[in-house]
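Please work from the sequences and hints to get the whole structure.
One-letter residues, chain by chain:
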Amino acid sequence: MATLRRMLDGDKLKLDGINFLLVDDNPHALQIMAQVVSGFGVRNMTKVDGAAAARQELLRGGIDIVLTDAQMPGENGYKLTEWIRRVAPEPTRYVPIVIVTGHTPESDVTLGRDIGANFTIAKPLLPRVLLQRLFWISYEDRQFVQAEGYVGPDRRFKRLGPPADTEGRRCDDLKGDLGAASQPNLSQSEIDALMKPAKVAL
Amino acid sequence: MSGAIFRRVPNKLAQLARGRGGIAVGEAVKRANAALNDLKDASIAIIDEQLAEIDRLFGSCNPDRTGLSLDLLYEQASQIIDAGGGLPGSGLEECARAVCDLVSVSRANNTCDWDAIDVHIATLKVLRAQGQSLTALQRMTVLKGLSDVTAKRAGEG
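In the order they appear, the protein sequences are chains P and H.
Taking the working numbering, the leading residue of the first sequence gets 1, the next gets one more, and so forth.
Taking the working numbering, the leading residue of the second sequence gets 203, the next gets one more, and so forth.
Check each hint, because a few of them may be wrong.
Claimed, not checked - Listed below are several chain P residues computed to face chain H (Cβ distance under 8 Å; list not exhaustive):
{"hint": "1", "residue": "LEU8"}
{"hint": "2", "residue": "ASP11"}
{"hint": "3", "residue": "LYS12"}
{"hint": "4", "residue": "ASN26"}
{"hint": "5", "residue": "SER38"}
{"hint": "6", "residue": "ARG60"}
{"hint": "7", "residue": "GLY61"}
{"hint": "8", "residue": "ILE65"}
{"hint": "9", "residue": "THR92"}
{"hint": "10", "residue": "ARG128"}
{"hint": "11", "residue": "LEU134"}
{"hint": "12", "residue": "GLN143"}
{"hint": "13", "residue": "ASN185"}
To be clear, the hints were calculated from the coordinates, so they are not data collected in a lab.
Glycine included, each C-beta is placed from N, C-alpha and C at the ideal position.
The structure is reproduced here in structure tokens:
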């Protein structure tokens, strides 16, 4: 199982040959994403304002990574992620996905993890936070899992034991439609605790 | 794990990003922050526009506010979060997130506490005006006060 190492200022990443797909219905937020990745030296990016346009781009092929907003009218970023993992043809199905969200209740972060997103990032989008996730994706050796209840990067995490008074927490237990948020937002470190793979003794 | 297939899949990011050349992480972050700075004025304009709308629609000055859907307040606060770092270190985004938390609790409890909303709107305005000049401790205290209000409302549900 993969472990994630801390990114150091002296580490190098070469992103100029990577094709990014940026998805956000908010034009300003989309521009923020674009500015950040262009600052990383990315030359090839496609910006779209929703999941439908994102699907078209993905079907055309050649996308290497998806950064998508979570909350979008109509089909949101979670539905898009689910489509990529379960419906999109290979190799698009395996594309790394980073969900960017202004709202981080645990139910949303857990849903993102359980539908196969690689990482979730809380807005406002901070360059160092995003670059660290790109670094992790570049260096991780997580296998891809395809099962009836889950498609996505291996998500075996720290074993904390099942929550008290619950019967299970497989993705099959979650409803596809979350409805309105009813829990407090998680901090980025709390999100990472849910999302990051780590070496565990099973 | 019956039926689960584990496989190594192509990861172009791993193939190309770790290749020779590229830029150092520290430099990449610096350039990205500089690129973001170009959007700062636009971000502040969006924040101010949304703040004015929140105050106009959901502030105590609007006698008809009780007829409005809190979903709109949630959306407007989300726009402030989306504006992304226009006023770094002001605590404004955290406060906007607190507004969303309060709306979420209100939805869950099927109630609407206008006193709590007034406190949140007042805090948004204070942080917009003075947030960057407050100390981290002062900002934290202000935001903690908001989360205490929401936690109390959540406990009353």
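Taking the hints in turn, this is what the structure says about them:
1. About 7 Å separates the beta-carbon of LEU8 of chain P from the nearest beta-carbon of chain H, less than 8 Å, and the hint is met.
2. For ASP11 of chain P, the shortest C-beta to C-beta distance to chain H is roughly 5 Å, which falls under 8 Å, so the interface hint holds.
3. At its closest, the beta carbon of LYS12 of chain P sits 4 Å from a beta carbon of chain H; the interface hint therefore holds under the 8 Å criterion.
4. Residue-level restraint check for ASN26 of chain P holds (minimum Cβ-Cβ distance to chain H is 5 Å; threshold 8 Å).
5. Here the hint on SER38 of chain P is kept, as its CB sits about 6 Å from the closest CB of chain H, short of 8 Å.
6. The interface hint given for ARG60 of chain P is broken, as the beta carbon of that residue sits about 16 Å from the closest beta carbon of chain H, more than 8 Å.
7. The closest approach between the C-beta of GLY61 of chain P and any C-beta of chain H is roughly 12 Å, which is over the 8 Å cut-off, so the hint fails.
8. The restraint placing ILE65 of chain P at the interface with chain H holds, with a minimum CB-CB distance near 6 Å, inside the 8 Å limit.
9. About 11 Å separates the beta-carbon of THR92 of chain P from the nearest beta-carbon of chain H, more than 8 Å, and the hint is not met.
10. At a threshold of 8 Å, the smallest CB-CB gap from ARG128 of chain P to chain H is about 5 Å, leaving the interface hint in force.
11. With a least beta-carbon distance of about 7 Å to chain H, the hint placing LEU134 of chain P at the interface is held under the 8 Å criterion.
12. Against a cut-off of 8 Å between C-beta atoms, the interface hint on GLN143 of chain P holds, since the closest Cβ of chain H lies about 5 Å away.
13. With a least beta-carbon distance of about 5 Å to chain H, the hint placing ASN185 of chain P at the interface is held under the 8 Å criterion.
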